[in-house]
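K.L.:
Spelled out from the first residue to the last, the chains are:
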Amino acid sequence: MNWISQTIAVTGVTLRSIGQRLGSSAVAVVGIAGVVIVFTAVFSIAEGFRAAMRGTGDPQTAIVLRSGSDTEMTSGLSGDSARLITEAPGIEQGPDGPHASPELFVIVGHPMKRTGRDANVPLRGLSPAALKVRPAFRIVEGRMFQTGTNEIVVGRAASQQFNNLSVGSTVRWGESSWQVVGMFDAGGSVAESEIWCDARVLQPAYRRGNSYQSVYARLQSADSLQQFKDALTSDPRLNVTVIREPDYYAQQSEVLQLIITRIGYAIAVLMGLGAIFGAVNTMYSAVAARTREIATLRALGFSSGPVVVSVLVEAVMLSLLGGLIGGGLAWAAFDGYQTATMNWQSFSQVAFAFAVTPALLLQGLIYAVIMGLVGGLLPAIRAARLPVVTALRQL
Amino acid sequence: MKYLPLVWRNLMRRKVRTIFTVLSILIAFILFGGLMAVRAAFTLGVEVAGADRLMTIHKVSLIQLLPKSYEDRIRSVEGVTDVTHANWFGGYYQEPANFLANMAVDPASWARMYPEFEMPEDQKKAWINDRSSAVVGIDTARKYNWKVGDRVPLISPIYRKPDGTPWDFTIAGIYDSKVKGTDKTQFFFHWQYINETFRNTPVSDQVGWYVIRVADPSTADQLAKRIDTLFANSPNETKTATEKAFVSDFAGQIGDIGAIVVRIAALVMGLILFVAGNAMAQSIRERINELGVLKTLGFGDGRILVLVLLESCTLALIGGAIGLAIAWVIIAQGDPTGGFLPAFYFPVRDLVLGVALVFGLGLATGIIPALQASRLKIVDALRRT
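Keeping their order, the protein sequence lines are chains B and L.
If you number the first sequence the way the working numbering does, the last residue is 564 and the count never jumps.
If you number the second sequence the way the working numbering does, the last residue is 414 and the count never jumps.
Honestly, the hints are just simulated from the structure, not real lab data.
Misleading hints may appear alongside valid ones.
[Said to hold, decoys possible] Dumping the calculated BS3-like pairs for lysine-lysine here, alpha-carbon to alpha-carbon at most 30 angstroms:
| id | chain 1 | residue 1 | chain 2 | residue 2 |
| --- | --- | --- | --- | --- |
| 1 | L | Lys97 | L | Lys172 |
| 2 | B | Lys398 | L | Lys154 |
| 3 | L | Lys97 | L | Lys268 |
| 4 | L | Lys207 | L | Lys190 |
| 5 | L | Lys153 | L | Lys176 |
| 6 | B | Lys282 | L | Lys324 |
| 7 | L | Lys31 | L | Lys324 |
| 8 | L | Lys97 | B | Lys282 |
| 9 | L | Lys207 | B | Lys282 |
| 10 | L | Lys154 | L | Lys209 |
| 11 | L | Lys207 | L | Lys153 |
| 12 | L | Lys190 | L | Lys172 |
The structure displayed is predicted, hence computed values, not measured ones.
Construct the complete structure from the given sequences, taking the supplied hints into account.
P.N.:
In structure tokens form, the structure reads like this:
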């Protein structure tokens, strides 16, 4: 009981005296705020990219690729295989037949707004059932392309990132030209970075004969995957892998995630160390400035425990403040920042927005508190160990 | 120089503060080095791309193939001194996670085109003469512990053997490079080896891209236009540009990583400047009395200024030099992502910039306290406690 009241008293004195040490305390706060800004900014890139990739997956949708391919880009399915796949059990049936869409996936070089240089836009050829497989799809401007024509619809993000992809414009890739007749929204998923057209028109344009690269299938229910998979893998005429859509897109984001998180953690750890050194300096000078005061408290009978706690509390308060400021600034500056990068697995552009999530902000705060605790520990111990007599005589 | 002992004594008065200030400077420069290496890596080695090399790809996109017959037509264009070609093979070793840049090339002309890939002459001969052989960069060879003579199976989702088995290659040579930033992870083998398997199929006699050496780099742009006009209005139109332009386009697609990294580095340096500058200023404030004594003993204003600046520069120099050295050692370990950023190195230009920043930091943190100290009036200084 006594110990607790002592702690509260000493901590109160400590916190009230911060005002007299405003300069050095501000340094610690700014240092930690800076670290939290960088930490949050770097990881909001990874979060945003993951969110874009994850938003794409519907557990009721399965993707069929040639066995051994990990992306649509390197996959290939003959027209016959594609037909066999759409006839497999487990697929949702509608009045027009199974909800399964054999698709082509190619990339075309098209100038980006940001750099004015060519970048790879994914161009997807769809079969008629494609919209049944993608319930989130809706046209936000113009209309859907007509089957059998050189019409395309562009994703919202693709339209924002690339030149000349607004509704009504005409683009030319190689020998064929295409009319943009609509813009679509797909619930914020990576599909919005793509351009869609009729697969039957894309096949001859890319000399693909009657072949496809993937089949997107809407399952009867999320649990029908196993039935669907078993039917396909046991069919000797087929050599395919079946993967649930969310798993596929999670796989696609692996490389970028790996790069960002490795680099991000390295930066965060190093900067954290730097901030801890800064905090140690601050707290040491705070303790040094209060040497006499602490010694007086000790002479009055306060034990060293409360003194240690009070120094630590100060360090944690300062770092919490720094963490809040840093998180707030990072959120204001980066949340929702639109950008695009290359999906390393398919070499095509993916648009996404930086996402400063609540979890990320919490992590930043926890990190700030850890920096404060570690930074305050040595000075706190020093404060407790000061020999009372020499400390009183000092200065 | 004779003041160094005095400077040193002053720094050692509050050992803990000095040590932690030096440590935070040290951390800042490790970060600086690392970030600059990251930036260099994300430009994908654009600095080592040859200025006298052009690349020709299919106009629609780089995944479309071009006929092999274009090679002779390009070679006959005036101003072209050499032509070679490559196909992206997309193979992986054992499992898809083992990413590896591998290409089917024409060995003799490829070796002529890329002299920066250095290997012993006998290995190069062995490679050219054995159709199922390959050469690999030293970084990849080390990673998988491959030696000359080893057999390496690769599976390619793009080029599948009709019987579904992996492609077997014999390692004929291992290349290294003295040019910093050169990709030493790639794997090259005979285009013919693949092509003969696919004879009389739609993918036979097709190449991914051409690399062209020009006689005079200053005419590269006109030459590129001339090559593209050569194939205009054919089913396979081309896009030709310098290798540098292709690499920087490709890097540009990854996004503004360079700009983001520079901003982070600037923020870090600013923070350190702030923290170190504060510690510095505080240590001068504590010693105002002593500075007054020095002045009484006859030290002039200029000398006091130099003394304080020397102190801050010494701090910056110790921290900065060790930090840059540690960064150098860490970066020399190579790509931290295991193969995705092969051009991971510490550019000399950035090292020079780092050294300049060390001195800049020393001067910037010291200048305000130094000016304050030099302007002190003796009476005021001695009166303060």
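K.L.:
Now look at each hint and say whether the structure bears it out.
P.N.:
Hint check results:
| no. | hint | verdict |
| --- | --- | --- |
| 1 | L:Lys97 - L:Lys172 | violated, 34 angstroms |
| 2 | B:Lys398 - L:Lys154 | violated, 49 angstroms |
| 3 | L:Lys97 - L:Lys268 | holds, 16 angstroms |
| 4 | L:Lys207 - L:Lys190 | violated, 36 angstroms |
| 5 | L:Lys153 - L:Lys176 | holds, 15 angstroms |
| 6 | B:Lys282 - L:Lys324 | violated, 63 angstroms |
| 7 | L:Lys31 - L:Lys324 | holds, 17 angstroms |
| 8 | L:Lys97 - B:Lys282 | violated, 34 angstroms |
| 9 | L:Lys207 - B:Lys282 | violated, 38 angstroms |
| 10 | L:Lys154 - L:Lys209 | holds, 25 angstroms |
| 11 | L:Lys207 - L:Lys153 | holds, 17 angstroms |
| 12 | L:Lys190 - L:Lys172 | holds, 26 angstroms |
When the structure is compared with the earlier hints, violations turn up for hints 1, 2, 4, 6, 8 and 9 and for no others.
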